[in-house]
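Q: Modelling step: build the complete structure from the supplied sequences, incorporating the hints.
So the sequence lines, in the order shown, correspond to chains A, B and C.
So for the first sequence, the numbering used here puts the first residue at 9; every next one is plus one.
So for the second sequence, the numbering used here puts the first residue at 9; every next one is plus one.
So for the third sequence, the numbering used here puts the first residue at 9; every next one is plus one.
Think of the hints as simulated: they come from the structure by calculation, not from any bench.
Hints may be right or wrong, so weigh each one.
Since the list gives no way to pick out one identical chain from another, each pair is judged satisfied if it fits inside one copy or across any two copies.
No farther apart than 25 Å at their CA atoms in a straight line, the calculated lysine to any residue pairs in the SDA-like style are these [said to hold, decoys possible]:
#: 1; residue 1: 113; residue 2: 208
#: 2; residue 1: 113; residue 2: 175
#: 3; residue 1: 113; residue 2: 80
#: 4; residue 1: 113; residue 2: 204
#: 5; residue 1: 113; residue 2: 66
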Amino acid sequence: MTQLLDLVGIFVFALSGALVGVRRRLDVVGMAVLASMTALGGGILRDLVLNVRPAAFFSVGYVVVPLAATVIVFFWHPHVLRVMPVVNVFDAAGLGLFCAVGTEKAMDAGLSPLHAVLLGVLTAVGGGVLRDVLSGQVPILLYDRQLYAVPALLGSVTMATLYALDLHGWPATLSAAVLAFGLRIAAVRFRLRAPLARGVTPQE
Amino acid sequence: MTQLLDLVGIFVFALSGALVGVRRRLDVVGMAVLASMTALGGGILRDLVLNVRPAAFFSVGYVVVPLAATVIVFFWHPHVLRVMPVVNVFDAAGLGLFCAVGTEKAMDAGLSPLHAVLLGVLTAVGGGVLRDVLSGQVPILLYDRQLYAVPALLGSVTMATLYALDLHGWPATLSAAVLAFGLRIAAVRFRLRAPLARGVTPQE
Amino acid sequence: MTQLLDLVGIFVFALSGALVGVRRRLDVVGMAVLASMTALGGGILRDLVLNVRPAAFFSVGYVVVPLAATVIVFFWHPHVLRVMPVVNVFDAAGLGLFCAVGTEKAMDAGLSPLHAVLLGVLTAVGGGVLRDVLSGQVPILLYDRQLYAVPALLGSVTMATLYALDLHGWPATLSAAVLAFGLRIAAVRFRLRAPLARGVTPQE
Chain A
9 MTQLLDLVGI FVFALSGALV GVRRRLDVVG MAVLASMTAL GGGILRDLVL NVRPAAFFSV
69 GYVVVPLAAT VIVFFWHPHV LRVMPVVNVF DAAGLGLFCA VGTEKAMDAG LSPLHAVLLG
129 VLTAVGGGVL RDVLSGQVPI LLYDRQLYAV PALLGSVTMA TLYALDLHGW PATLSAAVLA
189 FGLRIAAVRF RLRAPLARGV TPQE
Chain B
9 MTQLLDLVGI FVFALSGALV GVRRRLDVVG MAVLASMTAL GGGILRDLVL NVRPAAFFSV
69 GYVVVPLAAT VIVFFWHPHV LRVMPVVNVF DAAGLGLFCA VGTEKAMDAG LSPLHAVLLG
129 VLTAVGGGVL RDVLSGQVPI LLYDRQLYAV PALLGSVTMA TLYALDLHGW PATLSAAVLA
189 FGLRIAAVRF RLRAPLARGV TPQE
Chain C
9 MTQLLDLVGI FVFALSGALV GVRRRLDVVG MAVLASMTAL GGGILRDLVL NVRPAAFFSV
69 GYVVVPLAAT VIVFFWHPHV LRVMPVVNVF DAAGLGLFCA VGTEKAMDAG LSPLHAVLLG
129 VLTAVGGGVL RDVLSGQVPI LLYDRQLYAV PALLGSVTMA TLYALDLHGW PATLSAAVLA
189 FGLRIAAVRF RLRAPLARGV TPQE
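A: Spelled out as structure tokens, the structure:
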């Protein structure tokens, strides 16, 4: 179950990466690279920190799913763009799932709750940061229009708390993911933003 | 023999990195950083994924060769630029060697052929991606004018196939490298490109 | 003692990261990300190369100190900017401490002096490179106006030499750090620069 949710998260993140590739008029190789990095980058960074071999290099699904997303975007990107609001909902779902799963794996590996939360957030946002850096943009994470890291933080804290209370398994994971997902959707809907330093006006 | 080929690959990749430093008018430190990252970055990323200490931090040659390339470019870059077509041939040779050696090391470490191929491509293109990101450019890999990742993919698939057939050793490595090299040279010669998503026109 | 020096280095590096966040008008999340990456990035890269779990994910201080720096900059950045020359002195201190501590840890882990020096320099400059890449700038390291990597190199070489002479402990670390610090301060004061390749004029 958790694994299925994980693959869904990878798929929607890969869609968003491949679409950035189309928008920047990259060829199919660039699309596949961006799709894979967006989908797998966060998990790879997490596993490097945990000092284990990245799961992406041991699972067939992790390789095939981003390529499938690339093929879909390659042939039907106008249709994908038309359902982009739906993709954004999926992206929020991916964010929620990745922060919950990342925090869980970090707790399993013996990190403190504080550090597990950090690593959960890194898992959730790392792929997007790599996508933006590779495609030559300042990571959207840093601007965080409409709260992006904060929902991941909420989901990670929830997961770490549940885990510390000995509540494991996919119901706990899903609850944390749903919370993060909900806050992210609310942030997009109501344009919630993180504050800027005193006296600083937002960038255009 | 394989080791000698490896050092040749590192040397030509370092030349290309140091030349980017000259073109961007960086000082000798920037040149040395770009030369080293271009030459060693792919192998370092590969070793991080394989969860072993990067070979670059245990071999003297891996440190000295990029510095030698930096010194050469520092003093004689106009001559190096004049023989740049030759350097491009060497770069294609480096690409071929790195994808073959990377795939081999990944198979040695017990990865599946599918994942060994991925890691082989990462070894071949990783250094160039780091060079481009550090020097503030969108990685040339993403545009892939004149097929860059695809030859590496061909070389990696060849290497993994030979390895799976129990054909090890430097003749196998060299065959895979030569195939990748040949396709890369043909791609430059005949301007072979990967396709763009349906209805997308190439960037200028 | 070494640990206290380490936290001081982290604090001043985090200040510099958070200030870049203010200058680029990022929100508090972006500021915290830049502060943490600047302060912890070099050490994380070092630990990844040494194939151990990054210290940043096992120490509470390493997480709290960059956040404290972010809070200070968030509320009092005009005051921080006014004392910026002081912050630059601290930054030079951080550079010195990080190269010395990084080289020491690398020697402890059994690297050769040559490679320990490289890793010491990576520890010192890695965080700044990540800060610059994330905020969409070419790393200041590459331009190296007023020698940045060279003082780190001097400090690392000193540390490796002392270590090879069996001179361990914080007096050795501090000596190496002070040397690097002194050269960095002198470089800023007297505008010392690394040379450019023959016939190349510096960028504007």
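Q: Against this structure, judge whether each hint is valid.
A: Each hint tested on the structure:
| no. | hint | in the structure |
| --- | --- | --- |
| 1 | 113 x 208 | neither (38 Å within a copy, 40 Å between copies) |
| 2 | 113 x 175 | within (14 Å within a copy, 38 Å between copies) |
| 3 | 113 x 80 | neither (30 Å within a copy, 33 Å between copies) |
| 4 | 113 x 204 | neither (32 Å within a copy, 38 Å between copies) |
| 5 | 113 x 66 | both (16 Å within a copy, 15 Å between copies) |
The structure is inconsistent with the numbered hints 1, 3 and 4, although it conforms to all the rest.
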